[in-house]
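Peer 1: Residue numbers (my numbering), protein chains in the order written: chain A, 1 to 485; chain B, 1 to 92; chain C, 1 to 379.
In short, the hints are calculated from the structure, not lab data.
Misleading hints may appear alongside valid ones.
What the hints assert, rightly or not - List of simulated lysine-lysine pairs, DSS-like, C-alpha gap at most 25 angstroms:
| hint | chain 1 | residue 1 | chain 2 | residue 2 |
| --- | --- | --- | --- | --- |
| 1 | B | Lys24 | C | Lys271 |
| 2 | B | Lys70 | A | Lys318 |
| 3 | C | Lys295 | A | Lys9 |
| 4 | B | Lys63 | A | Lys251 |
| 5 | A | Lys382 | A | Lys346 |
| 6 | B | Lys17 | A | Lys185 |
| 7 | B | Lys70 | A | Lys191 |
| 8 | A | Lys318 | B | Lys63 |
| 9 | B | Lys63 | A | Lys311 |
| 10 | A | Lys251 | A | Lys191 |
| 11 | A | Lys9 | A | Lys311 |
| 12 | A | Lys27 | A | Lys9 |
| 13 | B | Lys70 | A | Lys234 |
| 14 | B | Lys63 | C | Lys79 |
| 15 | C | Lys271 | B | Lys70 |
| 16 | A | Lys79 | C | Lys267 |
| 17 | A | Lys27 | A | Lys318 |
| 18 | C | Lys37 | B | Lys24 |
If you want the building blocks of each chain, they are given just below.
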Amino acid sequence: MNVAIFEEKEFLGGQLIKQTHKFFGSKDESAGIRGIYIAKNLINEIEKTENIDLYLNSMVMGYYEDGVITALVNNKMEKFIPKKVIIATGAFEKSIPFENDDLPGVFGAGAVQTLMNVYGILPGKDVLMIGSGNIGLIVSYQLAQARANVKGIVEISDHIGGYLVHASKVRRLGIPIYTQHTIVKALGKNKVEGAIIENIQTHEKKEISCDVICLATGLMPLSDILNQINCEMKYIPELGGFVPIRDENLKTTVENVFVAGDVAGIEEATAAMLEGELTGLYAAYEITGKFDKRINTIKERLKDLRKTSSKVVNGLKKLNLYEDFIVEPHESLGDLHKTGIPEEEKIENLLSSKKERFAILECFQKIPCNPCVSSCPTNAIKMDGLNEIPKLDYDKCIGCGNCVAVCPGLAIFVIDKKKESVILPYEFYPLPEKGEFVEILDREGNLLERNQVLSIRKMKDKTNLIEVKVSKENLKHSRHIRVVR
Amino acid sequence: MDDEKIIVCRCEDITLKEIRDLIKEGFTTVEEIKRVSRAGMGPCQGKTCGPIIAREISRITGKPIEEVYKPHNRPPFGGIFFKEIVGETDEK
Amino acid sequence: MKNRAAVVIIGGGINGVSIAYNLAKAGVKDVIVLEKKFLAYGATGRCGAGVRQQWGTKQNCILSRESVKIFENIKDELKVDIDIEFKQKGYLLLAFTEKEWNQFHKNVQLQNSLGINSKLLSPQEAKEIVPFLNTEKLLGAAYYEKDGHANPFLTTLAYAKAAEKLGVKIYKGVEVFDIHVKEGKIKGVYTNHGYIATEKIVNAAGGWSQEIGKMVGVDLPVYSERHEILATEPVNEILGPMVMSFSYNIYCQQTPHGSFVMGYGPKETSKSMRSTWQFLETMAKKVTYLLPPTKNLRVVRQWAGYYNISPDRQPIVSSCNEVEGFYMAIGFSGHGFMLAPAVGVIMKDIILGNKLTWDVVLDIGRFERNEIIKEPSVV
Chain A
1 MNVAIFEEKE FLGGQLIKQT HKFFGSKDES AGIRGIYIAK NLINEIEKTE
51 NIDLYLNSMV MGYYEDGVIT ALVNNKMEKF IPKKVIIATG AFEKSIPFEN
101 DDLPGVFGAG AVQTLMNVYG ILPGKDVLMI GSGNIGLIVS YQLAQARANV
151 KGIVEISDHI GGYLVHASKV RRLGIPIYTQ HTIVKALGKN KVEGAIIENI
201 QTHEKKEISC DVICLATGLM PLSDILNQIN CEMKYIPELG GFVPIRDENL
251 KTTVENVFVA GDVAGIEEAT AAMLEGELTG LYAAYEITGK FDKRINTIKE
301 RLKDLRKTSS KVVNGLKKLN LYEDFIVEPH ESLGDLHKTG IPEEEKIENL
351 LSSKKERFAI LECFQKIPCN PCVSSCPTNA IKMDGLNEIP KLDYDKCIGC
401 GNCVAVCPGL AIFVIDKKKE SVILPYEFYP LPEKGEFVEI LDREGNLLER
451 NQVLSIRKMK DKTNLIEVKV SKENLKHSRH IRVVR
Chain B
1 MDDEKIIVCR CEDITLKEIR DLIKEGFTTV EEIKRVSRAG MGPCQGKTCG
51 PIIAREISRI TGKPIEEVYK PHNRPPFGGI FFKEIVGETD EK
Chain C
1 MKNRAAVVII GGGINGVSIA YNLAKAGVKD VIVLEKKFLA YGATGRCGAG
51 VRQQWGTKQN CILSRESVKI FENIKDELKV DIDIEFKQKG YLLLAFTEKE
101 WNQFHKNVQL QNSLGINSKL LSPQEAKEIV PFLNTEKLLG AAYYEKDGHA
151 NPFLTTLAYA KAAEKLGVKI YKGVEVFDIH VKEGKIKGVY TNHGYIATEK
201 IVNAAGGWSQ EIGKMVGVDL PVYSERHEIL ATEPVNEILG PMVMSFSYNI
251 YCQQTPHGSF VMGYGPKETS KSMRSTWQFL ETMAKKVTYL LPPTKNLRVV
301 RQWAGYYNIS PDRQPIVSSC NEVEGFYMAI GFSGHGFMLA PAVGVIMKDI
351 ILGNKLTWDV VLDIGRFERN EIIKEPSVV
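Construct the entire structure; sequences and hints are all you get.
Peer 2: What follows is the structure in structure tokens.
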């Protein structure tokens, strides 16, 4: 079967090529691997496959009633008549209106990520992030890695939108998250020089100086082609807006047209990859008549992945999909939802072990993720299911640090009570030298003390492990270091 | 907030005030507002402003989003030069 | 929604609102306009927006001449503060065949006799007006500087506002699904929002006017066909007049906003409202040949709409012999927008039983009487 891929950009990979963080999900779906490497692997496979024609720099221009798709190929409009069409156009960023929102310096998070991670250009020095969903949190973290100064993350809701482990990652860098706040105004004459944010309850205003305002206020399906071909759409806020009505094989209401990924509804990238596999196999089945059993397994894997995504599942139910599916109710994690900082009591529980050296799993939210389990050489980490909280068997744990290096949420640490040291995951440059004194920071980025680096383990996947000497009383608080030279 | 300084349609420079005035005049669908104001007729074809306008109409009129906004896209996506259609790419 | 009306107008395009305005202005109370989608949804909002007086028949010349007078003074006429973006930089009609060139001679003579001071130009003179015009094989051109184009949405809006000020009720989102006729007389309309009792109905439904005709059991001599059109990104003004050719089959204008709007007449007719890649390709070839600098313009949007075609390519503005109280303003054949100001006046005359304001024959009976003079100058 011949497959043609049309891609507007000069390279494949979509959003994956900007995702320098490790993915969640199951080990089977590349969990623990950075998005950029997942993209690389997928691209390699495509390039190896002879019956795939790649049209890069080729934007699809239209899809017409007679089945003709027009696309720009080498700056010329060409026509194609495919048997099946899979639309995987992804998402578009939502914007929010505020005063002076047209000043240079107001960016979408996608643009910031592209500039920074694809082209190596930092859009500014001081960034105010709007939105605390996974994109807002991840881009804030990446900006900090690129040495921008993230002045804060503004969130209109009363709780953090993204995964809490991502929130904890930015909080320990000292980045504040302003929940129940919104941006009302960009300041500056010819470019952004600051912003005014407002507490939506008290209407108290706060001025923040910055040269970049980065909007991470959500995504919506990029459904232009679907709209043009009169595909039946339904407004489902849980899935990001208007989404195509489709069946469980992702077939739309227009004959021979399938969807996969964010264009079908906003979800995590892992789900998009599975959907892509599913539609690919199903469209092939419709052409060849040969059913591939993987189709059923993928559907099961998707279900497993969505077990705790009540939002997505509720959205799918509105499309008459997943009707009998029961989503586990969300447990309340108290202030962690607001602050990104685990409550004292929870930390104490983790520390109650009498052992001298053991891992601390600061992972309290049910999200689909399991790389820690298989990383453990002593089988000390157990999970009842992909979406469960990992449990550590302290008797088995030897404090090796393998799980620290693989955890996509950077939520695992090793403490050694006897040695008075902590092993931390560290994804910043420069790396400290052995013996160098560094600043030890707590979960909010506050300075606890200065102490010595005992060892550096440079890991292949670039989450390096730093073991620092920490005074006894700070063992349970030390979560990040800052190299000061 | 000063709604005269809030740009809703970046392509055609339409402010929130203009949109609100049109809604008050009785234009209560995104399609109608597009036609009288040009909001959504620029290069992005309403991808950014459409949802914002829809939200604003919904907020003011109390009508649900799906009643005031049905994204409708006309080809070609993203804009195409005539020379790219006829296949003449060199400048003479 | 009101459930009684003196006159119900079906169709919220430019002609529907123009008729409503003129009726209300003449003192008719309780005029209702029913629009199934929104104002200018159909042909009005999809048209090429041209306003020309260079026609080949007396009716079209008079209607357009009078319409232009109204367009020129629209704010005084309607007393609403809406700029309809009326750009009077002429129509440049191109002749590429002998037959066409001969027709232009006749047309200009007719037009001049009716006070339309159009003139014939040599290819060189045409090039002075549009310097980048490809004059290869061009025999000559006809030109009238008082022609031009306007914004159809804003013009419709202006008429609608003016009508509403005079008490007309315009209901959007109201679809007519049947008409109540008893003993050959109009009694009312059934809509998705309920029944409205009325003795007079005006069919101004454009592309859907045949369907309305069928509701009263009349087979109207019109049909609808798809015409396509496109718009480009805006650029600085480089094109003054609307450029048009009948034999080469193209029209092209630049709006005051800067975007180019263009189209041509299709060879095959279709009932679909979707646009085609064939149109995009053919249009690109045509326009880049005739106006070469356009090759560097980006097309941002293409769409389609209906021409409601009459046998003589002139509008039918008429009462109906078979059904009392049934009126029609249909069959505009692609020039309904530009004629609407005058059509509103004529329809008002017909409904009120007045002598027609201008000497035109637009009634449906002309086809039976065999008084057909086909308009030769249409794209």
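Peer 1: Does each hint hold? Answer for all of them.
Peer 2: Each hint tested on the structure:
{"no.": "1", "hint": "B:Lys24 - C:Lys271", "result": "violated, 36 angstroms"}
{"no.": "2", "hint": "B:Lys70 - A:Lys318", "result": "holds, 18 angstroms"}
{"no.": "3", "hint": "C:Lys295 - A:Lys9", "result": "holds, 23 angstroms"}
{"no.": "4", "hint": "B:Lys63 - A:Lys251", "result": "violated, 30 angstroms"}
{"no.": "5", "hint": "A:Lys382 - A:Lys346", "result": "holds, 18 angstroms"}
{"no.": "6", "hint": "B:Lys17 - A:Lys185", "result": "holds, 15 angstroms"}
{"no.": "7", "hint": "B:Lys70 - A:Lys191", "result": "violated, 35 angstroms"}
{"no.": "8", "hint": "A:Lys318 - B:Lys63", "result": "holds, 19 angstroms"}
{"no.": "9", "hint": "B:Lys63 - A:Lys311", "result": "holds, 23 angstroms"}
{"no.": "10", "hint": "A:Lys251 - A:Lys191", "result": "violated, 46 angstroms"}
{"no.": "11", "hint": "A:Lys9 - A:Lys311", "result": "violated, 31 angstroms"}
{"no.": "12", "hint": "A:Lys27 - A:Lys9", "result": "violated, 30 angstroms"}
{"no.": "13", "hint": "B:Lys70 - A:Lys234", "result": "holds, 9 angstroms"}
{"no.": "14", "hint": "B:Lys63 - C:Lys79", "result": "violated, 32 angstroms"}
{"no.": "15", "hint": "C:Lys271 - B:Lys70", "result": "holds, 22 angstroms"}
{"no.": "16", "hint": "A:Lys79 - C:Lys267", "result": "holds, 21 angstroms"}
{"no.": "17", "hint": "A:Lys27 - A:Lys318", "result": "violated, 30 angstroms"}
{"no.": "18", "hint": "C:Lys37 - B:Lys24", "result": "holds, 19 angstroms"}
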